[in-house]
Structures are given as structure tokens and as C-alpha cells.
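There are 2 protein chains.
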Amino acid sequence: MAGPLDLAMLDPAATAPFLTKDEAAIRLAADAKAIDALQDRLYAEGTRALLVVLQGIDTSGKDGTIRGVFNATGPLGVTVTAFGEPTKPELARDFLWRIHAAVPRRGTIGIFNRSHYEDVLVARVRSLAPALEIERRYDHINAFERLLSDSGTTILKFMLHISREEQRQRLEERRSDPEKRWKFHPGDLDDRRSWDDYMAAYQVMLDRTSTEWAPWTVVPSDRKWARNAIIAGVVRTALERMSPKYPDRDWSGPEFAVP
Amino acid sequence: MAGPLDLAMLDPAATAPFLTKDEAAIRLAADAKAIDALQDRLYAEGTRALLVVLQGIDTSGKDGTIRGVFNATGPLGVTVTAFGEPTKPELARDFLWRIHAAVPRRGTIGIFNRSHYEDVLVARVRSLAPALEIERRYDHINAFERLLSDSGTTILKFMLHISREEQRQRLEERRSDPEKRWKFHPGDLDDRRSWDDYMAAYQVMLDRTSTEWAPWTVVPSDRKWARNAIIAGVVRTALERMSPKYPDRDWSGPEFAVP
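Sequence lines, in order, name chains A and B.
Numbered by the numbering used here, the letters in the first sequence go through residues 16 to 274 in order.
Numbered by the numbering used here, the letters in the second sequence go through residues 16 to 274 in order.
Calculated from the structure, these hints are not laboratory results.
Possibly wrong hints are sitting among the right ones.
[Claimed, not checked] Below are the DSSO-like pairs computed for lysine-lysine, each with C-alpha atoms no more than 30 Å apart in a straight line:
(1) A/260 - B/198
(2) A/36 - A/260
(3) A/48 - B/103
[Said to hold, decoys possible] Across the chosen pairs, the derived CB separations fall in these ranges:
(4) B/36 - A/32: 53 to 61 Å
(5) A/38 - B/202: 26 to 34 Å
(6) A/105 - B/154: 30 to 38 Å
(7) B/137 - A/145: 52 to 60 Å
[Stated by the list, open to error] Which bits of chain B does chain A cover? Going by a derived footprint, with three or more residues having C-beta under 8 Å, they are:
(8) 93-101
(9) 169-177
(10) 191-200
(11) 250-261
Ideal Cβ placement from N, Cα and C applies to all residues, glycine included.
All chains should be modelled from the sequences, with the hints used to inform the complete structure.
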């Protein structure tokens, strides 16, 4: 069944709805500014949160997205959590334990740089857990995200979709550019060798966990400028729908006069 | 003894070294950009951290400083921790417990919006702990900051210094402006009535805890534009002295060829 989340049908080099880099840059600047203003209201309102999940294969641009989309929003009221290989204390609990501990507090935007989805991606490709357990995780994830959603957290999930050739170029750049060499991990080459397995795992993830309360957006990410503008647009729209308001308080009484 | 940190001698409306708002804005923009670039190297290097402590009486501009100075740096690699009234689990431990848990990890900048200094400020003014215990806290703080410093964390502490009249205006604004009313807390009026006690507590804090390894800067903060530019300058200089470097790695061997 070819749906809107069928990876094989989605071109990683697509840039729609933007035709040019300039057009995207103008829109991104406007959206980033709007996101900043909406975040301010979200913080003032203090009753709801936004969770942005970023997933994508190595070099797909998770860090770059955070810089590109959220730099105008600044660190106040925005928290980034990067999930690496689980530590021993983390492995001693269920896979959602460390995730739950990091959910954004009310009034803030939380960004997950990788997430609980690693536990159905790398875990599936490298068989880090029994197949039956991984099968169950999709349902656990949906239930967990439902809890967050019911508790006032809007969830947006982005899969940054790049082509195999684009990844090759980016890895080559990391190998050779002195300012990027620190980002190169030889282990990434092993993951690259499992490219097809990863794409299959991503497809299952999309099929099983794109829900009404926590939808996936597959973002064509070969063009960084299109990627950033597309994501900013989705984030802005979500915040506008949440429509946070400055709380309506009345401090006009004489008991509140400033001495 | 009138030293460089004698509050009575420091004019909260000073703007030096800046003569005009435009001049400060130009410098701030350049410094913020430089901080962003240096932060990127700090992150890549991954061995040291920067801790920025912001203290100041209500309305002194702690949030505004974070927006003004660090917005260009974005949320990636910068973590803001706001310390409010301690919770029960926090009160069940020593006063540095929650602070230690929040120190920035290597490679990042941590910003404390209020800090362990509340435990010698509000705690002193409102007698929230026995006098002897508060006396001991200054030494505990110095030892704790020494530990951080010895472990690779550069510490910068800023006291945002505003005048009593400036606070009056800002509180009035919060009472009446619909977009600022959510920031108004009636309790702030009580603190305002204790203005002189707070200033005395700040002075003791400056005298006892400005150390070689964790110096205080008193920032004249009646003019927000001067405040931001002054702080950005100090932060930039500190990062330049740290001089973080991209790690020098060699991935040129054939075993690292991208498949």
C-alpha cells in the first residue's frame, strides 16, 4: 500500500513547496521569528508543551535542523536532549524510562535528538533485543505518546530522509574537513553497510507509530535549506493551532501597588 | 574598603564602555556571533565547559539577558537551568545537591538563572536557615566552585545590578502590560520592601565569593542594551581565553573509506 509515508515513493531531494533557496530562506526566517514569539506565549501560559522528535540516519542533519530552525528561539524555554547509546543505569530499566525523564515541562519546547525510536531502529537492525520485545515496543510507544498527548503535550515527529548518495558525500566531508572531522565515527560506516535494513526498519516505524496524536512527517533532507524551511513550517503551524495565550490576570487592585 | 565590587559605588545606570545604544548593539551582535562560533568548537572539543551564573533581584533582567546574549547561540549545546524555591526532595539534601546535578556537561555552556547564591541571599534576608549555617555556606560555595574549576569548567558569575527606581518602573509595567502580567508575583512586593537587606546580602556575597577561579562581575543593568553588551563581552573574552580547538583526528586511512 503506497501511503503518504511510503519511503520508496518519497524523493529525498524534493524541495516542495519551495522552488528556490532564497524563497525557502525568507519563509524560514519568518517562521523562526513566529516560533520564537509563540514560544514566549507558551512559556507565559505555562500549561502545555511541544515535543519535537528528530530521527534520521547518520548525517541526515539532526543537529543542523536544531540550529537552523530553533536558533532564533534561543535556549530559554527550549531544551534539547540527545539520546546516545543507553548507559548501564538506563539499560537496567525499561526503554522508555530515560525518555520519560526528559519530556519537556509545561510551557516549554523539548527537542529530542534521536529518541525512543532508536529502540525500534538500531535495536531492530542489530538485533539488540528479542524480536518479540521489539514488536511490543511499537504499542508501548503509541501508548506512551498518548499519555503525553492527553497531558497537554503536542508531539511532532520528523524523519529526516536523505539519499544513500547524499550520505556518502556528507561522510566524505566529515572525514576530510578539519572542522568536521570530530563528527566522524568509524562506526557510522557499519551502519551505512546496513542501509537497506535501516530503511526497512524506518518504514515499519512509520507504519506502526504514525498516529493521530503523534504523527510522523517524512522530510526530504538532501537539501538542507528545504529541510529547515519545511520543518519550521510544520512547527509554526502546530504552535499556531495550540494558540497559547498570555494568562489573563488582574493586578489592578490597591493591594498590589508597588511600594 | 571600597573595592571594585562595592555596590554603593557602582551606578546601575552606567553604560561604559558604550556611549550609545547603537554602538552597544553592533558590539553585541558581533560578540553573540563569536560566542556561537566558539561554542561550536567547545562542543567539538568536548573536554571543558562554561558555567554562567546569573543573579539579581526581581526584574533585574535574568531572562532578558539569556535572550539577548545567547539567542544567537541557540539551544544546541546551551542549557538553561532555573532554580526556584527548593522542592521537598531538594530540601532533604544539602543546598548544593540540586546545583551539582545541573552543572553543564563537558562541551557545553550551562546558564544558571538564579543559583546556589539564593541560599545566601533570600535565605539570609528571610532567615530561612540558622545564621551559622549560612555563614558556612560561603566557604562551601567556594570549595564547590573550585571543584568545578579544577575539573575543566570555567565559571562566570554576573550580578545584574538595577536601581530601586528602575525596579519600581519594571514592576509597574508587569502589573499593567497584558503581555507581562504573567510575570508579576505579589510576593515580589515583599522582597522589594526588604530592598536594603537584599543589597546588604548581595554585598556580603560579593565580598565572600568572588574568587580567582569564579569571579563576580557586577553589571549595571538599568539599561538593558548596556547590560547585554557588557555580559556578551565578558563571555566572549572568557571563551577566547579557553580557546577550544576542533580535535585533530586522522581518518585518511583506507580502512575509513566510505563504502
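Quick rundown of the hints versus the structure:
Our distance criterion of 30 Å between C-alpha atoms is met by residue 260 of chain A and residue 198 of chain B, whose separation comes to about 13 Å. A distance of roughly 34 Å separates the Cα atoms of residue 36 of chain A and residue 260 of chain A; the hinted pair therefore is violated under the 30 Å criterion. Restraint check for residue 48 of chain A and residue 103 of chain B: the C-alpha separation of about 38 Å exceeds 30 Å, so the hint is violated. A beta carbon spacing of about 40 Å between residue 36 of chain B and residue 32 of chain A contradicts the range 53 to 61 Å that was offered as a hint.
The hinted range of 26 to 34 Å is not satisfied by residue 38 of chain A and residue 202 of chain B, whose Cβ atoms lie roughly 50 Å apart. Between residue 105 of chain A and residue 154 of chain B the beta carbon distance is about 36 Å. The supplied range of 30 to 38 Å therefore holds. Checked against the given bound of 52 to 60 Å, the beta carbons of residue 137 of chain B and residue 145 of chain A, roughly 53 Å apart, stay inside it. Coverage of the region 93-101 of chain B by chain A holds [criterion: at least 3 residues with CB-CB distance below 8 Å; count 3].
Only when three residues or more bring their CB closer than 8 Å to a CB of chain A does the claim for the region 169-177 of chain B stand; here the count is 0, and the claim is violated. Here's how the region 191-200 of chain B fares: 7 of its residues keep a CB closer than 8 Å to some CB of chain A, so the rule of at least three is met and the hint holds. A count of 1 residues in the region 250-261 of chain B with a Cβ less than 8 Å from any Cβ of chain A is obtained; the coverage claim is therefore unmet, three being the minimum.
Going through the hint list in order, the structure does not satisfy hints 2, 3, 4, 5, 9, 11.
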